[in-house]
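Colleague: All chains, full assembly: derive it from the sequences and hints.
Chains as they are written, first to last, in our numbering: chain A, 6 to 152; chain B, 135 to 302.
Some hints here could point you the wrong way.
Partner residues aside, some chain A positions facing chain B, computed with beta carbon under 10 Å [what the hints assert, rightly or not]:
#, residue
1, Q19
2, Q133
3, N149
4, W151
Just so you know, the hints here were simulated from the structure itself, not pulled from any lab data. If you're wondering where the values come from, they're calculated on a predicted model, not measured in any experiment. Beta carbons: idealized from backbone N, C-alpha and C, even for Gly.
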Amino acid sequence: MNFKVTDVEQFQAQKQFIDTAIVPLLQLDFAEQGMKQSSSAGEYLMSLTNFIEQQFKGRIMLLPPFSYTVNTKSETLPTTIEQELKDAGFKSIIFVTCDHSWTEFKEFLNIIWLPPIPLESMDKSVKQRILEDQLKQVIPNLTNIWV
Amino acid sequence: MSKNRVTRRQFLTYTITGVGGFMAAGMLMPMVRFAIDPILQTKEEGDFVQTSQKAAEITEVPVKVDFSYEQTDGWYKSEVADAAWVYREGDQIVAISPVCKHLGCTVNWASDPTHPDQFFCACHAGRYEKSGVNVKGTPPLGPLDMFEVAENDGFLMLGKKIANTHSN
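Modeller: Next comes the structure, spelled out in structure tokens:
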């Protein structure tokens, strides 16, 4: 499910099935050297989370990405979001990010960190294959959280 | 000069009829074109999409065939990626849509080790027979959709989605 009206209606009707929220955490970097890299990471993160949503549509709701800059980044962001989503009825909340600094929260939050892969230079079929490979790496994380 | 030379009156009558005829045609032609437009419109829905799967290489074991088509949403055109599970049944090719009938996840062939001959949906453990018919007692309430199948130059082509023709 995506965060749009038709899907949200379905979520509210079927809360016992759609019990997982995916929250992409995206760092925006506007520095001369970092901007291109950060946009590439964002593109990758969005393609991958959309692909995960497509595969597990009936159990997952993909939220719009939470973006922050170096200065607006807040350490309490994920814990606050998690609490609010739990109150809304989600059982598991999974954060997907390319920003390595979140891995230190791994102990008490479900954080999946992935090194960004530059998809922009790739052919469509190669891109599809890479996303499938990446998905295969994410699936064990998901099933671990679900059992 | 010949005997039946054209009089001024005749000449004017012919000219006006001719020019008037052209003008009337110029007005009527677009009207007629508009009126019969629905017939001339090419039907986009139901067109077959070419895949890269060779029809001869399809076996009785379902394989995943990816394909994509263009979708127009208002003025925004986008390329939509879709997939089908394709296998041979007798001399026919069957293409099953991977979209779970429960809540729309993507099902996979034999991804559940305890049921290697079924389609499996990892979200809520929904299962389907190879024919796409849902296994009773699992969450899905209906069979998986199928695609219309055709062949072109030895390659598989997939058409629009149809209801599953296998009966329970």
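Colleague: Does the interface hint hold: is W151(A) within less than 10 Å of chain B, judged Cβ to Cβ?
Modeller: With a minimum Cβ separation of about 9 Å from chain B (threshold 10 Å), the hint on W151(A) holds.
Colleague: Should the interface hint for Q133(A) be scored as holding, given a Cβ-Cβ cut-off of 10 Å against chain B?
Modeller: It holds, given that the least Cβ distance between Q133(A) and chain B is near 7 Å, below 10 Å.
Colleague: Let me know if the C-beta of N149(A) comes in closer than 10 Å to any C-beta of chain B, holds or violated.
Modeller: 13 Å, violated
Colleague: Less than 10 Å between beta-carbons is the criterion; does Q19(A) satisfy it with respect to chain B?
Modeller: The hint holds - Q19(A) has a Cβ within 10 Å of chain B, the shortest such distance being about 7 Å.
Figure legend: structure checked against the earlier numbered hints; the only hint not met is number 3.
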